[in-house]
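Number of protein chains: 2
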Amino acid sequence: MTPDWIAVDWGTSHLRVFAMGTDGILAERGSDRGMGKLARDEFEPAILALVEDWLGPMPMQIVVCGMAGARQGWIEAPYRTVPCPPVAKGAFIAAPAQNQRLKVQILPGLSQETPADVMRGEETQIAGALALLPGFDGVICLPGTHSKWAKISAGEVVSFQTFMTGELFALISSQSVLRHGMVSETWDEASFAQGLSDALSRPERFAAQLFALRAEGLLKALPPASARSRLSGLLIGAELAASKPYWLGQDILLVGAKTLSAAYASALTAQGATPRILDDTACTLAGLFAVRSQ
Amino acid sequence: MTPDWIAVDWGTSHLRVFAMGTDGILAERGSDRGMGKLARDEFEPAILALVEDWLGPMPMQIVVCGMAGARQGWIEAPYRTVPCPPVAKGAFIAAPAQNQRLKVQILPGLSQETPADVMRGEETQIAGALALLPGFDGVICLPGTHSKWAKISAGEVVSFQTFMTGELFALISSQSVLRHGMVSETWDEASFAQGLSDALSRPERFAAQLFALRAEGLLKALPPASARSRLSGLLIGAELAASKPYWLGQDILLVGAKTLSAAYASALTAQGATPRILDDTACTLAGLFAVRSQ
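Residue numbers (my numbering), protein chains in the order written: chain B, 1 to 294; chain W, 1 to 294.
Simulated from the structure, these hints should not be mistaken for lab results. It is possible that some hints are incorrect.
Pairs involving identical chains hold if they fit within one copy or between any two copies, as the list cannot separate such chains.
Said to hold, decoys possible - When the alpha-carbon atoms are kept at most 20 Å apart in a straight line, the in silico SDA-like pairs for lysine to any residue are as follows:
no. : residue 1 : residue 2
1   : LYS151    : TYR79
2   : LYS244    : ARG202
3   : LYS220    : ASP198
4   : LYS220    : PRO115
5   : LYS220    : ALA116
6   : LYS37     : GLU76
7   : LYS37     : HIS180
8   : LYS220    : GLU76
9   : LYS244    : ASP198
10  : LYS220    : PRO108
11  : LYS151    : ALA131
12  : LYS220    : PRO83
13  : LYS244    : SER201
14  : LYS151    : ALA212
15  : LYS244    : ALA270
16  : LYS89     : LEU132
17  : LYS220    : ARG80
18  : LYS37     : VAL177
19  : LYS103    : GLY21
20  : LYS258    : GLY30
21  : LYS258    : THR281
22  : LYS220    : THR114
Keep in mind the model is a prediction, meaning the values are calculated, not measured.
All chains, please: the whole structure from these sequences, using the hints.
Spelled out as structure tokens, the structure:
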């Protein structure tokens, strides 16, 4: 099987590759060879390990978004500055490869001067969302390790803002003193709603709301599922409080993993908003396809 | 050298012992055998390793505050509930020891019903502060891993509130994506002040203010000392925003390590407050002495 081209989503912690044919995805593979674990000369072996048997006799076009274009990545793809369209025709950086059958093109991310901000990978998802919903005007939220909120108008990213919500959740739930009381696979929607409401109604008390989870665990046997769900609510609530100027009164589109998008949708709905949801992988592939066919 | 008694401050990560004579400290030792690293039967060996040559023929009184009295500690010393004096006569728990020359007494911590909160160790520092400043009425701030703010009136802890400020600083500065841009031993007072001001004037934007440190590092070469100091300012500012109902218009006493207390004093002074400072070790020892002599 030789695909028409290969789509690659290269994150900090993971690498995902898609064999693309005329009708879409032919095959999909992944590994934990994210940018964060690789030296410059380890990128080519990392991708070859996944795609070598997909290569034909001719050079294969491999279109890459994400952290492979970071300064510590395969080759730096300098940021494009907003306001601008999320992706631009021909704005690839060719990555050096010893294997002549690899024709690797890395998409640049976006930067914003004031307030200073950056994204790598989400610009491709935004381009994909705009390809799937042509003419969308409003705000796109991409929840995740570093959640992004982007204002979209006339096909351009006007401005954006990053929140460390997912990374804070991972750190606090697995590395802090709170970790003892939140080992659970269960979701507690009422506790999530309480955390949201606490954070949204008293956002300035964030630093105090965290330790209460520990104290209630000790004094009131707060169940781990409740603690974990409330922490999620507190962090997403803090993000929604801070991003309110972005989303209030706007058409909102969520682009993310299924469970996470559902949590954000539930939170935004409780605030009177009516967000739509698109799958993040679908948007990544639509974005890579769009930039390839431009 | 045989002391009159031994004072012990047993934290989660460290153990400190003080040989006490009529004129105060005769000797001081420490180890990293904090409560967090010890199983129940490892407490006695951990303390013996530090004090064995201080023991005489008679049982030695060893007065312990801190996490040794936690549920996962040497023996649980159940919380006393506020409002109450920070320490109470005879409210020790005797810890079981095989060595007959050890007479170990563990002080209980304090708990608060609503909002749920707990402390272990800080109650002793508060007792010490009140012994050093008899008749103090106002609010005592104990900055640290888990900063505490306690309302004091008529010798009692009326209420208190914990903030995970120090733990968040440690996690974010050493484990998050921001760690790359904040390796520095230098302090940047102007950046600290900026972080403080950002957090105090827009506390609801906390979740957004963090990632700006990363973006400014990438786009504007923000120096590591500035990033580190601004993170400290953001976190302490968030704490001050949340604890404002505690300290506004109150007599404020800071009990903590020198550098940290100075940072809090600078932050509070910028808000028009005039805090006093007491050394935390002096307060711990004064508190253990007070409870012993009660």
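Review point. How would you label the pair LYS37, HIS180 (within, between, both, or neither) given a Cα cut-off of 20 Å?
Key: between (28 Å within a copy, 14 Å between copies)
Review point. How would you classify LYS258 and GLY30 at a CA-CA limit of 20 Å: within, between, both, or neither?
Key: within (19 Å within a copy, 50 Å between copies)
**Study point:** 20 Å Cα threshold - placement of ALA131 relative to LYS151
**Key:** Within one copy, since 16 Å is at most 20 Å while 58 Å is not.
Review point. Within a copy, between copies, both or neither: where do LYS220 and ASP198 come within 20 Å Cα-Cα?
Key: within (19 Å within a copy, 35 Å between copies)
Check your understanding: How do LYS244 and ALA270 come out at 20 Å by Cα distance, when the copy is not named: within, between, both, or neither?
Key -> within (13 Å within a copy, 29 Å between copies)
Check your understanding: Given identical chains, is LYS244 near ARG202, meaning Cα to Cα at most 20 Å, within a copy, between copies, both, or neither?
Key -> both (14 Å within a copy, 13 Å between copies)
Review point. Quick one: LYS151 to TYR79, C-alpha cut-off 20 Å, is that within a copy, between copies, both, or neither?
Key: Classified as within; 18 Å inside a copy, 51 Å across copies.
Practice item. Up to 20 Å between alpha-carbons, please classify LYS103 paired with GLY21: within, between, both or neither. Key: For LYS103 and GLY21, the Cα distance is within 20 Å only inside one copy (17 Å; across copies 77 Å).
Review point. From the Cα coordinates, with 20 Å as the cut-off, is the pair LYS37 and VAL177 best called within, between, both, or neither?
Key: between (27 Å within a copy, 13 Å between copies)
Exercise for review: Since the copies are identical, ignore which copy is meant and state whether LYS244 and ASP198 lie within 20 Å (CA to CA) inside a copy, between copies, both or neither.
Suggested key: For LYS244 and ASP198, both the intra-copy (15 Å) and inter-copy (17 Å) Cα distances are at most 20 Å.
Practice item. Could you place LYS151 and ALA212 in one of the four classes (within, between, both, neither) given a Cα distance threshold of 20 Å? Key: Only across copies: LYS151 and ALA212 sit 18 Å apart there, 35 Å inside one copy, limit 20 Å.
Practice item. Classify it for me, LYS220 with PRO83: is the Cα-Cα distance of at most 20 Å met within a copy, between copies, both or neither? Key: between (50 Å within a copy, 18 Å between copies)
In summary, the structure agrees with every hint in the numbered list given earlier.
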